[in-house]
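Asks: Chains as they are written, first to last, in this note's numbering: chain A, -17 to 299; chain B, 155 to 494.
Keep in mind that the hints were calculated from the coordinates and are not lab data.
Check each hint, because a few of them may be wrong.
Stated by the list, open to error - Some, not all, of what chain A presents toward chain B, calculated at C-beta under 8 Å:
(1) Thr13
(2) Cys203
(3) Ala249
From the three backbone atoms N, C-alpha and C, an ideal C-beta is built for every residue, glycine too.
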Amino acid sequence: MPDIDTIKTEAKRLLQEGVVEVVVAFKAGDTPLHPQPAFFSSPDEIDQLVFSGLCQNNLATFLTRLPKEKKVAMVVRGCENRSVNALIIEKQKSRDNLYLIGVPCEGIIDWRKIVEHVGETVLAVEENTHLVTVETPNGRFALERAILLHDSCSRCAHPNPMSADIRIGEARPEGDPSLARTTVEEFEALSSQERYAWFQKEAERCIRCYACREACPMCFCEECFVDHIEPRWTESGATPAGMQGWHIVRAFHQTGRCTSCGACERACPMDIKMTYLTEKLNHDMKKKYNFEAGLDVQTQPPFATVTLDDKNRFVVS
Amino acid sequence: MNLILEKQALPELLQSWRESFDVFLPQKLERFSHFMPLQDDTAVLVNEPHNTRIPPKALFLPMTETLVKFTRVGGYKDAENEVQPRVVFAIRPCDAQAVQLLDTSFLEEDYSDPLWREKREKTVTVGLGCHEPCLTGFCTTVGGGPFNKAGLDVLLTDIGGSYLVEVLTDKGTWLFTTLQPADDSAIETAHKIQQEAFDRMEVAFKTEHLKEKLEQNFDSAYWDSVSQSCLGCGVCTFLCPTCFCFDIVDETQRRERVRNWDSCMFRTYSLEASGHNPRPSRVERTRQRLSHKFVYWIDQVNQIGCTGCGRCVRYCPVGLDIRAMLRQAQTLPFEVSHAA
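Bound-form chain A, shown alone (with noise of 0.2 Å):
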């Protein structure tokens, strides 16, 4: 685990010097299984500051609903600083104006995980590299940490920040790649009418409240298709078109942009499953284009590159 004290006492610094003018991090929450994303504009809120596996969120999803031009620094584990990177790309903010306070990822801990496995009254968690204790009114349950892993972080590839500005604890050792092709080819490998069942029976709990919209760091459109009226995308209400129709275009809209970080299926109160769709958009790209997003602030997204020699002719002329 990363040293929480190393990582109040750079942030601190980062305020008391005037290097940031806010730091965006975790406090603890005000029920054990979760901690909130936060704002410190001061050092003297640094106290507050926490980190832990069960802090579910993206905080990239916050960068650009802070000003553009505010210095910022925050707290980035593998996947944040894979979207901070493609942000970066897509010019959402400039790498001047951010300090990234690097902390190599253990990967999150799947609140639903534990309540499935100790009820839904959960007293107080603690937890180090390889598990996890839970206290309840029906005693203390010592979990293996690696079981409780939420599914995007059990096959997490790149799970150290690359481009941090610091990087607090040792690096973790990388991920192994091909867990999250198996996902993908074990999908793949279904009947076509098997996979129609399966997206339906996902997609149709959706209730249309958009958590995993607004939890994505790369949903940053001021005007969703879903919300525009004149003319209309696809159906509102929680219709199968309607909800079918929000499931597959959001996908598509993140091919190439998707960092895998499963900020979406965290946040989604029914549990419906969506990375199997953003999963095997990244994989394509990496089979096709051998890309990956937010691995640098340099590499364009393929979607949003045109050459000369692009063989589709129609986009240039």
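Fit chain B to the supplied structure of chain A, relying on the hints for placement.
Replies: Below, chain B alone, put in the same frame as chain A:
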């Protein structure tokens, strides 16, 4: 009227109601529970520790409901939304109280909503009290309780091997005609369980002068601080048993006019045709959500518009906790209002 229902007799009793009713009860859907119709092979799971993920308001105000169907020749007809008589079984007191609160809006004398009214009239609510109240719930803080009877036709109390059945309205009588009256010791046991559950609930925040504090601090920086990490999604409002806002939309391809759940937390909710948005950011939207529940409901019907179910606390993707927001509101300055 107090009756006794042996737990082992419950599945058969529920099945027997199907002759005359559609019976809805919480059933497992993925990793949570959801009100669904009872079938021949439904496993009866009434002891789920929490209420269903989607509140039972959805049984009365569906997420999407067709109001009118248009015909090709330019006419229209009312949608056929036929509702069978039904029993909603094992609804928790907070959710039942919420349905009753919503009646104040949907059944108002001059503007009664026919779709809501029909469903309400044809529904018998059989509540299951919470002998193990949840930590995220705060029903007692907002005037309810784990065995609150508001909005219920029948209240069940789990007393071990059986339930004490308190029939509260005429509507509920018919369902339990086969049961024996409860003896005094069963009633006493139930009352003890009810009291213990009530006493176990902590006061989550003080409600005294809360309305004045929220009202008088309309422009306070308080709203910035409590909305800062809000994502602006609709989880808290859609999962809220008392949120009832809807949007009416013409789905032209299907030639239908529908109403969909809407949320004051959405940007489009208050967006006007001119492009002006009187609630331009999450600050104003958060203020609206809290003020509606803790100021405007009180102005309109003299009741708090929150029943303390705790769903918004459990499922907020950024861990925002309405209880903490209101505790913070209690520290705001205010003047006692002398009006009436």
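Asks: It remains to establish, for every hint, whether it holds in the given structure.
Replies: Taking the hints in turn, this is what the structure says about them:
{"no.": "1", "hint": "Thr13", "result": "holds (6 Å)"}
{"no.": "2", "hint": "Cys203", "result": "violated (11 Å)"}
{"no.": "3", "hint": "Ala249", "result": "holds (4 Å)"}
Checked against the numbered hints given earlier, this structure breaks only hint 2.
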